[in-house]
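Number of protein chains: 2
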Amino acid sequence: MKDFDIKVELTKDKKEKPAFDQLSFGTNFTDHMFVMDYTKGQGWHDPRIIPYQPITLDPAAIVFHYGQTVFEGLKAYRTKDEEILLFRPDQNMKRLNRSNERLCIPVFDEELALAGLKKLISIDKDWVPNVEGTSLYIRPFIFATEPYLGVAASDTYRFLIILSPVGAYYKEGINPVKIAVEQEYVRAVTGGTGNAKTAGNYAGSLKAQVVADAAGYSQVLWLDGKEKKYIEEVGSMNVFFKINGEVITPVLNGSILEGITRKSVIELLNHWDIPVVERKISIDEIFRAYQEGVLEEAFGTGTAAVISPIGELFWQGEKLVINNGETGAISKKVYDSLTGIQTGTKEDPFGWRVKVE
Amino acid sequence: MKDFDIKVELTKDKKEKPAFDQLSFGTNFTDHMFVMDYTKGQGWHDPRIIPYQPITLDPAAIVFHYGQTVFEGLKAYRTKDEEILLFRPDQNMKRLNRSNERLCIPVFDEELALAGLKKLISIDKDWVPNVEGTSLYIRPFIFATEPYLGVAASDTYRFLIILSPVGAYYKEGINPVKIAVEQEYVRAVTGGTGNAKTAGNYAGSLKAQVVADAAGYSQVLWLDGKEKKYIEEVGSMNVFFKINGEVITPVLNGSILEGITRKSVIELLNHWDIPVVERKISIDEIFRAYQEGVLEEAFGTGTAAVISPIGELFWQGEKLVINNGETGAISKKVYDSLTGIQTGTKEDPFGWRVKVE
Chain A
7 MKDFDIKVEL TKDKKEKPAF DQLSFGTNFT DHMFVMDYTK GQGWHDPRII PYQPITLDPA
67 AIVFHYGQTV FEGLKAYRTK DEEILLFRPD QNMKRLNRSN ERLCIPVFDE ELALAGLKKL
127 ISIDKDWVPN VEGTSLYIRP FIFATEPYLG VAASDTYRFL IILSPVGAYY KEGINPVKIA
187 VEQEYVRAVT GGTGNAKTAG NYAGSLKAQV VADAAGYSQV LWLDGKEKKY IEEVGSMNVF
247 FKINGEVITP VLNGSILEGI TRKSVIELLN HWDIPVVERK ISIDEIFRAY QEGVLEEAFG
307 TGTAAVISPI GELFWQGEKL VINNGETGAI SKKVYDSLTG IQTGTKEDPF GWRVKVE
Chain B
7 MKDFDIKVEL TKDKKEKPAF DQLSFGTNFT DHMFVMDYTK GQGWHDPRII PYQPITLDPA
67 AIVFHYGQTV FEGLKAYRTK DEEILLFRPD QNMKRLNRSN ERLCIPVFDE ELALAGLKKL
127 ISIDKDWVPN VEGTSLYIRP FIFATEPYLG VAASDTYRFL IILSPVGAYY KEGINPVKIA
187 VEQEYVRAVT GGTGNAKTAG NYAGSLKAQV VADAAGYSQV LWLDGKEKKY IEEVGSMNVF
247 FKINGEVITP VLNGSILEGI TRKSVIELLN HWDIPVVERK ISIDEIFRAY QEGVLEEAFG
307 TGTAAVISPI GELFWQGEKL VINNGETGAI SKKVYDSLTG IQTGTKEDPF GWRVKVE
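If you're matching them up, the sequences are chains A and B in order.
363 is the number that this note's numbering gives the last residue of the first sequence; the numbers go up by one with no jumps.
363 is the number that this note's numbering gives the last residue of the second sequence; the numbers go up by one with no jumps.
I should point out that these hints are in silico values taken from the structure, not numbers from a laboratory.
Some hints here could point you the wrong way.
Now the stretches of chain B that chain A is said to cover, found in silico as 3 or more residues with beta-carbon under 8 Å [to be verified]:
1. 29–37
2. 141–149
3. 156–163
4. 168–175
Just so it is clear, CB atoms sit at the ideal spot from N, CA and C, and this is done for glycine as well.
Please model the entire structure based on the sequences and the hints provided.
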C-alpha cells in the first residue's frame with residue numbers, strides 16, 4: 007500500500023468509555039475522527055485525524071437543503087488474540103464511490119480512505135469492544151458544504167469517518183423479528199437513488215417505519231415502486247427467502263442497495279453448494295409458497311444486524327408465520343459463519359478479513 | 007395575531023451589502039436569522055432572532071446521515087412606496103408542516119413562525135432590494151440534530167429562517183429556456199417523498215441536471231416513476247402547457263410538489279376565464295399536439311423563477327420548438343400579473359399580499 011501523508015492531532019481530553027457489555031447502537035463515539043476536504047479545482051485534500059469534535063457549517067450549506075450526501079457502514083472486530091479485523095472494507099469504499107457518482111459528488115482515492123480508516127482505528131483501538139456480539143461500527147460519510155441556495159452540485163465537500171462501539175442493532179439480537187409488508191409507502195424506484203447509499207432513501211423510509219412500529223412490527227418489507235408487487239428490501243437490509251430448498255433474493259434492479267453482506271451470503275451459499283438465485287420475487291409468490299408450506303425461511307442481511315431472521319410477515323390481514331417463528335437452519339448457519347469469519351473464530355477461505363496493524 | 011415571545015439579539019458587526027443591481031441567486035445572506043429548537047417532551051421552544059452565524063452539530067447528527075430535513079422558499083418584495091410585501095406566506099408555512107408530517111418531524115405553530123419571519127424581515131429590512139427583478143428570498147428549513155446512527159426519527163430538531171437578497175434565478179430571466187425530457191432518471195414516485203419539500207428529492211435530481219446541462223439544456227422535464235410516460239415537473243418547478251387554447255397542468259398525484267405559484271396561476275387563469283385543467287398529461291400527447299401545431303405555450307412555475315417559459319423541448323431526438331422559441335402571451339400575462347401583485351404595482355384582488363410592518 008502507498009504511504010499517504012495523513013496528519014494526526016491527538017486529543018488532550020480522552021473520553022470515558024462506555025461499559026462494553028451494555029452497548030446500544032450508534033450513540034457512543036470514540037476520541038478521534040478522520041477528515042478530508044474537497045475544493046473544486048484542488049480536489050480532495052488535507053486528509054487528517056483530529057479529535058472527535060462538532061462540525062461547523064454555514065446555514066446555507068447544501069447538505070441542509072438538498073441532501074447531497076452519501077455514507078457507508080462497516081465494522082471492526084476484536085479477536086480473542088487481540089487482533090483487530092475489518093470485513094471487506096474495500097467493498098465499502100468502492101460502493102461509497104459508486105454512491106458519489108449517482109449524487110454528483112467527486113470520487114476519492116479508495117486506498118487513501120482505507121489507509122485513513124486503519125490509522126484512525128489503530129489510534130482509537132482501545133474502543134474496539136471485546137464482548138461477544140459487540141463491534142466497532144464505522145461510519146464514513148461525505149456531505150456538500152458550499153453555502154448556496156441554487157439547486158446544483160456543491161463545489162466543496164467534507165469526508166469524515168467516525169467510530170462507534172456498538173452492541174446488537176435490534177434488541178431481539180439474532181431472534182426473529184416481525185415484519186409488515188408495506189402497501190402505501192415506497193422506498194425507491196428504478197431511475198431514483200435506491201441503489202446509492204444516500205440520506206434521502208432513509209429519510210423517506212421513516213414514516214412507514216413509524217406506522218409499522220405502532221402496529222407492533224420491527225420493520226417493513228418494501229415492495230417495488232412501479233407495481234407494488236415485487237419484493238425489494240426489508241427495513242434497511244437486503245432480504246432472502248428459502249423456498250422449497252432454494253434460497254432466493256431479489257435481483258439488483260437499480261432500486262435495491264447492493265449489500266456487501268448480501269453479496270457475502272450469496273458467495274457463502276455457493277461455496278456450500280446450497281442453491282441460491284437472484285431474481286424478481288413477487289409478494290404473491292411468497293404468499294403462495296407459504297400456503298403450500300414451502301416458505302421455509304426468511305432473513306434480512308446488513309452490516310448493522312448481519313443476519314436478522316424474519317419470524318412473521320404481515321400482509322393484507324394475513325399473518326405468515328415462518329419456521330414457527332424460530333431462526334431457521336440456513337439463517338443460523340450463515341449467521342454463525344459470517345460472524346465467525348468476522349470475529350476470527352472461523353477460517354476465512356475467501357480472504358475477506360483485513361487486519362488493522 | 008397573537009403576541010409571541012421572540013427574543014432578539016442584534017449583531018454588533020453588520021455586513022456590507024452586495025450591489026442590488028448585480029445580485030446572483032442564493033449566495034448573499036443578511037445580518038440575522040430566526041432560530042427555534044425542538045426537544046422531545048418539551049416541544050418547540052426558544053424562538054429567537056440572532057446574528058447570522060454558523061451551525062454547529064455533532065458529526066453523528068441525523069441530518070448528515072439520513073436526511074431528515076424539510077424546507078420552504080418564498081420571497082419578500084419592496085414596493086415603490088417602500089412597503090415590504092410577502093406573497094401568501096401562510097401557504098408556505100402550511101406546506102412546511104405537511105412536509106414535516108411525511109418526514110416524521112413534529113409540526114410547529116404556523117402563526118409563531120410567521121411572526122418570527124416578519125420580525126426577522128423588519129430587522130433586516132434594509133436588505134430587501136429595490137431594483138426591478140430582485141427580491142428577498144426567504145428560506146425556512148428544519149433539520150434533525152440528534153447524534154444517533156440508528157435509522158429512526160430524531161428526538162431533537164432545529165428550525166431556521168435565513169434571508170438572501172436575490173436577482174433572477176435563471177440567467178435567461180423571463181426568456182425561454184431549453185428543456186430535455188428525462189428518459190433515464192426519475193425524480194419521485196407515488197408513495198415516495200415527491201410531494202414533500204425535502205432534501206432527498208433535490209439530491210436525486212442533480213445527476214439528470216448535470217447530464218442535461220452538458221447537452222446544452224437548462225433543466226429536465228421529469229416523467230412519472232412508474233411508466234415514464236406522464237409529465238410531472240420541470241427542473242424544480244411545476245409545469246403548464248397551453249394546447250389548442252386550453253391550459254393544462256399535471257394533476258397532483260402524490261409525487262408532484264403542490265406548488266404555491268402553481269396554485270396561484272390556476273386561480274389567476276380561472277379569474278380571467280381562461281380554460282385551465284389539472285389532469286394526467288403524457289409526453290406522447292404533448293408530441294402529438296406539437297405535430298398538429300396546437301402546442302401553443304409551455305412554462306414552468308415556482309417561487310424562485312416565478313414563470314419560466316419553455317422555448318424548446320428535446321425528446322427522443324426531436325426538438326420541439328414552442329411558440330418560435332419566444333415567450334407566449336399567456337406566460338407573459340401570468341408573469342406580469344403575478345410579479346405585479348407581488349411587487350405592489352398591480353391590484354391584489356385575491357388578498358395574497360401580506361405587509362411586513
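Open item on the list: Check the structure against each numbered hint from earlier and tell me which ones fail, lowest number first.
Closed with: none
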